[in-house]
Amino acid sequence: MARPLRSARLRAAALTLPLAAFVVVTFVAPLALMLVRSVHEPQVADALPRTLAALERWDGGSLPGEPAFRALGTELRELDGRRGLGAVATRVNRIESGMRSRMLATGRALGPGSPESWRDAVLAADPVWGEARAWLALQRAGERFTLRHYLRALDLDRDSSGAVVRISPDQRIYVPLLLRTLLVSLAITAICLVLGYPVAYLIANAPPSRSNLLLLLVLVPFWTSLLVRTTSWIVLLQNQGVVNDILVAVGLVAEDGRLALVYNMFGTLVAMTQILLPFMILPLYAVMNSISPEHMRAASSLGATFRQGFVRVYWPQTMPGVAAGSLLVFILAIGYYITPALVGGRTGQLISNMIAYHMQESLNWGLAAALGVILLACVAVLYAVFDRLVGIERMRLAS
Amino acid sequence: MKRHLNTREGLAGRLRAAAGAGLLCASVGLLAGCGSDSLTVVSWGGSYAEACRRAQFDPFAAESGVEVLLESYNGGLAQIRAQVDTGSVHWDVVDLEFADLARGCDEGLFELVDIDQLPPAPDGTPARDDFFEGTVSACGGGGLYYSTVFAYNDESFPGEPPSRIGDFFDLEEFPGRRGMRRSALVNLEMALMADGVPPEEVYATLSGPDGVDRAFRKLDTIKDEVVWWDAGAQPPQMLADREVAMSTAYNGRIFTAQTVDRQPFTIVWDGQVLDYGQFAIVAGTPNLEAAMDFLKFASRVENMAAVGRYIAYSPTRRSAMDLISTHFESGIDMRPHMPNAPENLGRALQSDWQWWTDHAEEMNERFSAWLAR
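Chain order of the listed sequences is A and B.
Count the first sequence with our numbering and you get residues 1 to 399, in order.
Count the second sequence with our numbering and you get residues 1001 to 1373, in order.
Calculated directly from the structure, the hints in this document are not laboratory data.
C-beta atoms are modelled at their ideal positions from N, C-alpha and C, and glycine is treated no differently.
Please note that the accuracy of each hint is not assured.
[To be verified] The calculated label-pair distances, taken between Cβ atoms and stated as ranges, are:
id: 1; chain 1: B; residue 1: 1196; chain 2: A; residue 2: 257; range: 30 to 40 Å
id: 2; chain 1: A; residue 1: 209; chain 2: B; residue 2: 1176; range: 53 to 63 Å
id: 3; chain 1: B; residue 1: 1088; chain 2: A; residue 2: 42; range: 19 to 29 Å
id: 4; chain 1: A; residue 1: 225; chain 2: B; residue 2: 1158; range: 38 to 48 Å
id: 5; chain 1: B; residue 1: 1160; chain 2: A; residue 2: 43; range: 50 to 60 Å
id: 6; chain 1: A; residue 1: 42; chain 2: B; residue 2: 1122; range: 50 to 60 Å
id: 7; chain 1: A; residue 1: 234; chain 2: B; residue 2: 1209; range: 40 to 50 Å
id: 8; chain 1: B; residue 1: 1231; chain 2: A; residue 2: 356; range: 10 to 20 Å
[As the list claims (entries may be wrong)] One-sided excerpt, in silico: chain B residues whose CB lies under 10 Å from chain A:
id: 9; residue: 1076
id: 10; residue: 1078
id: 11; residue: 1079
id: 12; residue: 1103
id: 13; residue: 1207
id: 14; residue: 1213
id: 15; residue: 1243
id: 16; residue: 1361
id: 17; residue: 1363
id: 18; residue: 1364
Bound-form chain A, shown alone (with noise of 0.2 Å):
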């Protein structure tokens, strides 16, 4: 009796094995090495290894011995031979700026053979290396492990006594991106629920015929294309666009004070909205669909007007429907990377393209993934802080 429940169980296992894997390749993977790259930059340690041994019981302040400086020349003068230098010293660079230049230049200007004084040596390849700027730069550059991806993207830094500072504030990038990101995420909830809670009533109690009609105008917006929808954004919203003209037209703006409407925040909200808008309708509707009108009757004939009814019958019902449609739209929202960029010109742009600049252009991939964990911790920590409030398990997506 037990051994086919188990081999029938084993195969409803198996059955599942595909999808696990493809969720192990494309996703929980994906994040591990994100997770790795974000802590992990092995890169210059491996190349330096004897510079950086050297360095260890150094003091941090007067002037390292000879080894360190043999090491250094050695390597140096190694990884340029192989046309590995360059690399390496981007990555020093990226700690004090100049480093670069100073590294490839020493690189070179050592010849072969071993000199006499290789602090001499060094030294007068370029003297950036009696100061301890320099060393201090390598060997935060060489660890192996490090939190400063993490400092960067929360716009912290080490002092020269190693103390975290926050950075001078003309220079603050990313904390004040992602509160922008929270704010801005959060008003398109809000906005898509105002909006979008009033459009699911109408259709989950209109009559068939009408409500097939009123979910086709919801869907096929979500059906089509998200670069037709924000390019379409664009037509409507630009200067010389549609909105505008009928403004001018009909005489409400003069004709060279045109709205900005996009490449903007303005841009930004109005197409985000737009796009999410029915992932909030959609759970709503289905709860909505879910809740007999004999409710609101029911409250009606023991004596409570419309309102009434309303607060303490209709909305405590559709709370799981809300729920799902704001979480749905929060968490689309908050990573939202293509529409920013194609509408939100100067002022609209949120920490995904942030994300988006680092990997693709700076090609910093570290500081990118230090990002992309920041974010995700966010939407954890919302998660929880939702789950308290609301509790997940009252959330449905369907009824």
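Fit chain B to the supplied structure of chain A, relying on the hints for placement.
For chain B alone, coordinates are given in the frame of chain A:
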């Protein structure tokens, strides 16, 4: 047999051609040795790429029988690094700003080029001595001087027009929107010069304690009026549409708009930032031989000077300077329009690629932070 050059116009055509060639190479691959008769050259698009096509790509294709596929980009090393790191190199030759070339060469993104393999001057002077000081990278071939200037549409200034770099930052005297490249490069230098720093002290000031802050403070004064451009073809368009009153731009693009498109533009050479670039071969390209042939071809004195018949960029070889002649269409003398013509060098700044290879990353990060605020 493959003596024709891809002349299909427009991005779509170029993309199709590139994708087609890529697919063909991927499927036929090593068997057919498909790399041997096509070469993907990546340039900056617009009138500049067109000038290079007429002066160098077409003639090279005709001489060598190698089909040249033209693609365009907006500078930077990111795409090249992605190709090299993943081992899927589909760009063969890239036209680069010198700072990027130097950085990429150090990092092994480009093939080394032995300068003694490059053709000598007509009088036999070896290439090594014929190129201007410092304009040759260990990975580069060919080369042109170009300049970032600011230009204005005459119709925007019926009265006294702007004439100094300071005027670009003077919204009171010269109201109107400004076009600037979405990058820290050049903008920091121009801001400092407009703030009164003499060209020869610009990089010393930037390296000093308050220099970068000072540049950003100057940029702050016009920030709200700036329209940012990415591609070199945009500024002439923005000026023509009067979307901006003046814009920083590459001098050659403005020249072409003036002469070929008959636009009423004027270049202000005061405070120009002079720079140069070269072709380089992406490391690991399957078409190394053809790419090297192209670099040698593009380094020939007459071919370097030939670009100057189509756009106002001048060669980086001494002997080629004598060959600068007239515009191919209008027949006007090109010399006074070149960025390094003596009369244009009055208050010019030579871009310091060394400073930029060291600081590009930090400055660009700071610039994007500043931009987003």
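(request) Have a go at the residue 1207(B) hint: is there a Cβ in chain A nearer than 10 Å to its own Cβ? (result) Where the cut-off is 10 Å and the nearest Cβ of chain A is about 8 Å from residue 1207(B), the hint holds.
(message) Please check whether residue 1160(B) and residue 43(A) have a Cβ separation lying inside 50 to 60 Å.
(response) Since residue 1160(B) and residue 43(A) have Cβ atoms about 56 Å apart, the given range 50 to 60 Å holds.
(request) Report holds or violated for the interface hint on residue 1363(B), using the least CB-CB distance to chain A and a cut-off of 10 Å. (result) This interface hint holds because 9 Å falls under the 10 Å limit.
(request) May I ask you to test the interface hint for residue 1243(B) with respect to chain A, counting a Cβ-Cβ separation under 10 Å as satisfied? (result) 9 Å, holds
(message) Quick check on a hinted range of 10 to 20 Å for residue 1231(B) and residue 356(A), using CB atoms only.
(response) 19 Å, holds
(request) Note whether the CB distance of residue 225(A) and residue 1158(B) lies within 38 to 48 Å or breaks it. (result) 46 Å, holds
(request) Would you check whether residue 1361(B) satisfies its interface hint, that is, whether its CB is within less than 10 Å of any CB in chain A? (result) 6 Å, holds
(message) Just to be careful: measuring from the Cβ of residue 1078(B) to every Cβ in chain A, is the smallest value less than 10 Å?
(response) For residue 1078(B), the interface hint holds, since the closest Cβ of chain A sits about 5 Å away, which is under 10 Å.
(message) Would the hint on residue 1103(B) be counted as holding, given a Cβ-Cβ threshold of 10 Å to chain A?
(response) Where the cut-off is 10 Å and the nearest Cβ of chain A is about 7 Å from residue 1103(B), the hint holds.
(message) Quick check on residue 1364(B) please, does its C-beta sit within 10 Å of some C-beta on chain A?
(response) 7 Å, holds
(message) Please check whether residue 1088(B) and residue 42(A) have a Cβ separation lying inside 19 to 29 Å.
(response) Cβ of residue 1088(B) to Cβ of residue 42(A): about 24 Å, so the range 19 to 29 Å holds.
(message) Assuming the hint says 53 to 63 Å, is it satisfied by the Cβ distance from residue 209(A) to residue 1176(B) or not?
(response) 57 Å, holds
Going through the hint list in order, the structure satisfies each hint without exception.
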